[in-house]
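Visitor: Sequence:
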Amino acid sequence: MSLVNLLGGLRRLLRRRHVHIDNCVFRLHWLVTSSLLVAFSILVSARQYVGDPIECVPPTVDFPMDVLNTYCWIHSTFTMPTALEKRVGVDVPHPGVDNSGGAERRYTAYYQWVAFTLFLQAVLFYVPYYLWKNWEGGLLEVITMGMHVAIMEDKERSHKKRVLTEYLYRHMRHHRLYALKYIFCEFLSFVNVVGQMFFMDKFLGGEFWKYGVDVVRFTLTDQEERRDPMIYVFPRMTKCVFHSFGSSGDVQRHDSLCILPLNVVNEKVYVFLWFWLVALLVLTSVVFVGRLVILAVPKLRFQVLKSRSPLLSSDDLGTLARSADAGDAFLFYMLAQNLDPLVYKEVVADLTLLMTQKSSEDRAPLNAV
Numbered sequence: 006m007s008l009v010n011l012l013g014g015l016r017r018l019l020r021r022r023h024v025h026i027d028n029c030v031f032r033l034h035w036l037v038t039s040s041l042l043v044a045f046s047i048l049v050s051a052r053q054y055v056g057d058p059i060e061c062v063p064p065t066v067d068f069p070m071d072v073l074n075t076y077c078w079i080h081s082t083f084t085m086p087t088a089l090e091k092r093v094g095v096d097v098p099h100p101g102v103d104n105s106g107g108a109e110r111r112y113t114a115y116y117q118w119v120a121f122t123l124f125l126q127a128v129l130f131y132v133p134y135y136l137w138k139n140w141e142g143g144l145l146e147v148i149t150m151g152m153h154v155a156i157m158e159d160k161e162r163s164h165k166k167r168v169l170t171e172y173l174y175r176h177m178r179h180h181r182l183y184a185l186k187y188i189f190c191e192f193l194s195f196v197n198v199v200g201q202m203f204f205m206d207k208f209l210g211g212e213f214w215k216y217g218v219d220v221v222r223f224t225l226t227d228q229e230e231r232r233d234p235m236i237y238v239f240p241r242m243t244k245c246v247f248h249s250f251g252s253s254g255d256v257q258r259h260d261s262l263c264i265l266p267l268n269v270v271n272e273k274v275y276v277f278l279w280f281w282l283v284a285l286l287v288l289t290s291v292v293f294v295g296r297l298v299i300l301a302v303p304k305l306r307f308q309v310l311k312s313r314s315p316l317l318s319s320d321d322l323g324t325l326a327r328s329a330d331a332g333d334a335f336l337f338y339m340l341a342q343n344l345d346p347l348v349y350k351e352v353v354a355d356l357t358l359l360m361t362q363k364s365s366e367d368r369a370p371l372n373a374v
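Residue numbers (the numbering used here): 6 to 374.
There may be inaccurate statements among the hints.
[Unchecked claim] Within a straight-line C-alpha distance of at most 30 Å, the following computed DSS-like cross-link-like pairs (lysine-lysine) qualify:
| hint | residue 1 | residue 2 |
| --- | --- | --- |
| 1 | LYS350 | LYS160 |
| 2 | LYS138 | LYS186 |
| 3 | LYS304 | LYS350 |
| 4 | LYS363 | LYS311 |
| 5 | LYS165 | LYS311 |
| 6 | LYS160 | LYS363 |
| 7 | LYS304 | LYS363 |
The set of hints was computed from the structure by calculation and includes no laboratory data. On a predicted model such as this, the values are computed, not experimentally measured, just so you know.
Generate the whole structure from the sequences, applying the supplied hints.
Guide: Below is the structure:
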């Protein structure tokens, strides 16, 4: 797939839909976060495959540098955690780099997989929306029929309002499963964020959970006492041990110092992702719990709808509240964000009038008896 085709696909993904089948927080998951992760994946891939992701210092002038770079990239490099506490330029040449000896080694092979994992994460953020889009089946698009615009011929508007009103009346109390599917997909988005944070913590060797906190603490610490957490997670200078045969046939060991310019990009990407995912987790939790409370408490359902659509009359809302259930309330909320406010007010008024007329017709035979 060429870069032009990939960017074209992103443009189509980011194109504004006329009918929204979700809310803004849900769109932060499948649209914004997925797009960010794909962009980061492209950025890291470009830095990895266009430039030199690793450059190692050969032990001798005539040592094949390409072979050394390829070997160290494939077999991973390492740092020594004890060397991170030592003074740079006095005890060690670079943070985490020291004489190998018997010191503990911390291998960092994950930088090879950053671009792939970011793309996989983007796909996982899109999955809940993909499920909801298929389960929703285009219902909102069908029943709204382009009524999101305010300017419309009277005849066309009357016809579309009548069709929508008839649908809402005939399918009253039949949207509970519709609402439950959406709530499940919202919950799946919440689980996805938590799961991805656990995944990144495992991927980065148990350092992701405290990564953002450590970075903030680092920026607030005095210059003399700083210990950069980004260098610990994404070291820029590492070591690599290469073995070869000498002229006499014996095995020779070569210690090489390696530069990882790719980690300069990686550390910035994951700092941003830490703060982004924490904020997204908080927002998702608040919205999800709030939705459950609103749908569980009948009085709150239409109070929220009133705040969403202030043009609605209290009498119409009262009529709806007596007849509609939680699933209907959810559908009315979705309609409110897809219809012009004036059109929405007229649809609700027509619906309550139809409900009142039908109720009167049903009572008439009983009164006659």
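Visitor: Need the status of pair LYS165, LYS311: alpha-carbon distance at most 30 Å?
Guide: holds, 23 Å
Visitor: For the pair we were handed, LYS304 and LYS363, check the Cα-Cα distance against 30 Å.
Guide: Roughly 24 Å separates the two Cα atoms, so the pair holds.
Visitor: Given the hint that LYS138 pairs with LYS186, test it: the Cα-Cα distance must not exceed 30 Å.
Guide: It holds: about 10 Å lies between the C-alpha atoms, which stays within 30 Å.
Visitor: With the threshold set at 30 Å, check whether the alpha-carbon distance from LYS160 to LYS363 stays at or below it.
Guide: holds, 24 Å
Visitor: Would the hint linking LYS363 and LYS311 be met if the CA-CA limit is 30 Å?
Guide: holds, 24 Å
Visitor: Quickly compare the C-alpha distance for LYS350 and LYS160 to 30 Å and report which way the hint goes.
Guide: The hint holds at about 18 Å.
Visitor: CA of LYS304 to CA of LYS350, is that 30 Å or under?
Guide: holds, 20 Å
Checked against the numbered hints above, the structure violates none of them.
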